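Chemist: The hints should help you fit chain B onto chain A, whose structure is shown.
Top line first, the protein sequences correspond to chains A and B. So the first sequence is numbered by the working numbering: it starts at 244 and just counts up by one. So the second sequence is numbered by the working numbering: it starts at 335 and just counts up by one.
Some hints could be false.
Calculated from the model, a selection of chain B residues having no Cβ within reach of chain A, i.e. all distances over 12 angstroms [claimed, not checked]:
no., residue
1, Q394
2, A404
3, Y445
4, N451
5, D470
6, G472
7, N515
Dumping the calculated SDA-like pairs for lysine to any residue here, alpha-carbon to alpha-carbon at most 20 angstroms [what the hints assert, rightly or not]:
no., chain 1, residue 1, chain 2, residue 2
8, A, K246, B, K570
9, A, K450, B, R370
10, A, K342, A, R374
11, A, K246, B, R338
12, B, K479, B, P446
The set of hints was computed from the structure by calculation and includes no laboratory data. Remember, it's a predicted structure, so these values are computed and weren't measured experimentally. Backbone N, C-alpha and C fix where the C-beta goes; we use that ideal spot for every residue, glycine too.
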Amino acid sequence: MLKAKELRWFDCNCMFGPAGQGSLFCFENPQQLETSLEEQGIGEALLFSSLAKLNDPQLGNSLLLEAVAGRAGLHPCLTLTPEMELEEGFPERLLAPVKSGAARACRVFPKAGSYELEPWIMPQTFSALNRARIPLLVDQDTVHWDDPFDWDQVHRLCLEYRDLPVIVVRQGMLAARNLFPLLKRHENLYLETSYFQLAGGLEEAAKRFGAVKLVFGTGMPVFDPRLPIAGLLYSPLSDREKEMVAGENLRALLAAAQGESL
Amino acid sequence: MKRRPRIIDCHAHLGQYRHFPIPLREPERMIAAMDRAGVEAACLSSLTALGADTRLGNTQLIAAAAAFPARLLGWAVPNPHRPAEIAAELERCFRSPWMRGIKLHPMFHAYPAEGANYTPVYEFAQARGLPILNHDWGAAGFLEKLARRYPQARFIQAHTGGWWNGRSEEPYLELARSQPNVYLDTAASIAYYGAFEKLVEAVGADKLLFGSDFPYLDLGYQLGRVLLSSIGEREKRKILGGNAAALFGLG
Numbered sequence: 244m245l246k247a248k249e250l251r252w253f254d255c256n257c258m259f260g261p262a263g264q265g266s267l268f269c270f271e272n273p274q275q276l277e278t279s280l281e282e283q284g285i286g287e288a289l290l291f292s293s294l295a296k297l298n299d300p301q302l303g304n305s306l307l308l309e310a311v312a313g314r315a316g317l318h319p320c321l322t323l324t325p326e327m328e329l330e331e332g333f334p335e336r337l338l339a340p341v342k343s344g345a346a347r348a349c350r351v352f353p354k355a356g357s358y359e360l361e362p363w364i365m366p367q368t369f370s371a372l373n374r375a376r377i378p379l380l381v382d383q384d385t386v387h388w389d390d391p392f393d394w395d396q397v398h399r400l401c402l403e404y405r406d407l408p409v410i411v412v413r414q415g416m417l418a419a420r421n422l423f424p425l426l427k428r429h430e431n432l433y434l435e436t437s438y439f440q441l442a443g444g445l446e447e448a449a450k451r452f453g454a455v456k457l458v459f460g461t462g463m464p465v466f467d468p469r470l471p472i473a474g475l476l477y478s479p480l481s482d483r484e485k486e487m488v489a490g491e492n493l494r495a496l497l498a499a500a501q502g503e504s505l
Numbered sequence: 335m336k337r338r339p340r341i342i343d344c345h346a347h348l349g350q351y352r353h354f355p356i357p358l359r360e361p362e363r364m365i366a367a368m369d370r371a372g373v374e375a376a377c378l379s380s381l382t383a384l385g386a387d388t389r390l391g392n393t394q395l396i397a398a399a400a401a402f403p404a405r406l407l408g409w410a411v412p413n414p415h416r417p418a419e420i421a422a423e424l425e426r427c428f429r430s431p432w433m434r435g436i437k438l439h440p441m442f443h444a445y446p447a448e449g450a451n452y453t454p455v456y457e458f459a460q461a462r463g464l465p466i467l468n469h470d471w472g473a474a475g476f477l478e479k480l481a482r483r484y485p486q487a488r489f490i491q492a493h494t495g496g497w498w499n500g501r502s503e504e505p506y507l508e509l510a511r512s513q514p515n516v517y518l519d520t521a522a523s524i525a526y527y528g529a530f531e532k533l534v535e536a537v538g539a540d541k542l543l544f545g546s547d548f549p550y551l552d553l554g555y556q557l558g559r560v561l562l563s564s565i566g567e568r569e570k571r572k573i574l575g576g577n578a579a580a581l582f583g584l585g
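Bound conformation, chain A alone (with noise of 0.2 angstroms):
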């Protein structure tokens, strides 16, 4: 079995800046996530701001680019909502630090800001970032597997918008009955490994869909993330599929992303 420091780990979801909701770690500047990530051994990191998703989405992404400018490992995914785009300097200001490679994706909180994810609601938005292959992370607020999870929205964006990839984060074992069918039917679906506990949900996947739709994901720092490490260690994926779920296949999107299009 590899272990786990011969892997190369990159998370894609994981949160930068004071939490304010009492979770017993946040990352209040950069030294403070590359020390965690170093001692969970992963290398680089897809960042959004807890002050985007929480408060002000504009203030908290500047925020987010200014503090890891520079800093190799770490890579912020902006957080967008729908009234951006209705805003003056629309798409030229809020996508430039897409253009420019400051920031490498983007993410949607529909659950956490109140709006629906449909493809009407921010429709340039998502057309820019469809032709620029710019992944986007939906992320629902979900704590439980058991959590309610708007599927068909899902399925209606990856359906309007077929170049985007879009990536589920922290789902568990009832992706089983509501993921799958819509990973089999839509090419640019990825699922974020954080919270995919099923036994044997991931090789199940992998030899359905392709290891390629999997990609690893933390949860850090409110969730721990020696599970998602774990459970890709112990699976029975081959080595060269855990490589691609550990990071190939997250810096394979973003390799693939044309930010500079836009």
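Modeler: Frame of chain A; chain B shown alone:
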């Protein structure tokens, strides 16, 4: 070279579940996953027994345990809605040499944890010095009374050692630390970063049992919480298998 810890899973299941398909439902595939994760034995309760048919589920469990001796152990499940049958059903189950305790699930059985119909269960466990694993005993004060009234029985509060967030008030932590016959297991899908180390500090390694909810949950994921934690090796050995071996009378 460091000896690998002995791993005994105190909280596992057998069968199928209504909310999602379980790929590893056959005992053969469960054993393969246990081998891969280095798990010596798992103590199972039947999901069928916790669901539609107590007797059928227990019978399936007895057969699975017989097919994989010393690897698959059993929790017998009583039906609280048929109290008059409980003693006889437990007697039947414990004719299997691999049965190790009794599993209660008030939520699945739609019967209150404090209900009087469970009294024959406690008496059976007290007479034989058996552990009882409950999905949730309800109020910690209730379990404290039971633990004092039935000192030969061992009481395990499931999941609490897993989902505790490391900061909220949780009376079960103090109860497990102070009451000799009360334990917590670690099985839970939710795991908060840093909470496990705080749990061990709060409860003590002697009163925590590794549980996974396997194959409902994945063994690898659940082992990560303990194996990759920063607690000491001695504490890991107790939690992963030492405590369960003593509780189940395994050599």
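Chemist: Now, for every hint given, state plainly whether the structure supports it.
Modeler: Here is how each hint holds up against the structure:
no. : hint                 : in the structure
1   : Q394                 : 18 angstroms, holds
2   : A404                 : 21 angstroms, holds
3   : Y445                 : 21 angstroms, holds
4   : N451                 : 27 angstroms, holds
5   : D470                 : 15 angstroms, holds
6   : G472                 : 19 angstroms, holds
7   : N515                 : 29 angstroms, holds
8   : K246(A) with K570(B) : 19 angstroms, holds
9   : K450(A) with R370(B) : 18 angstroms, holds
10  : K342(A) with R374(A) : 12 angstroms, holds
11  : K246(A) with R338(B) : 15 angstroms, holds
12  : K479(B) with P446(B) : 16 angstroms, holds
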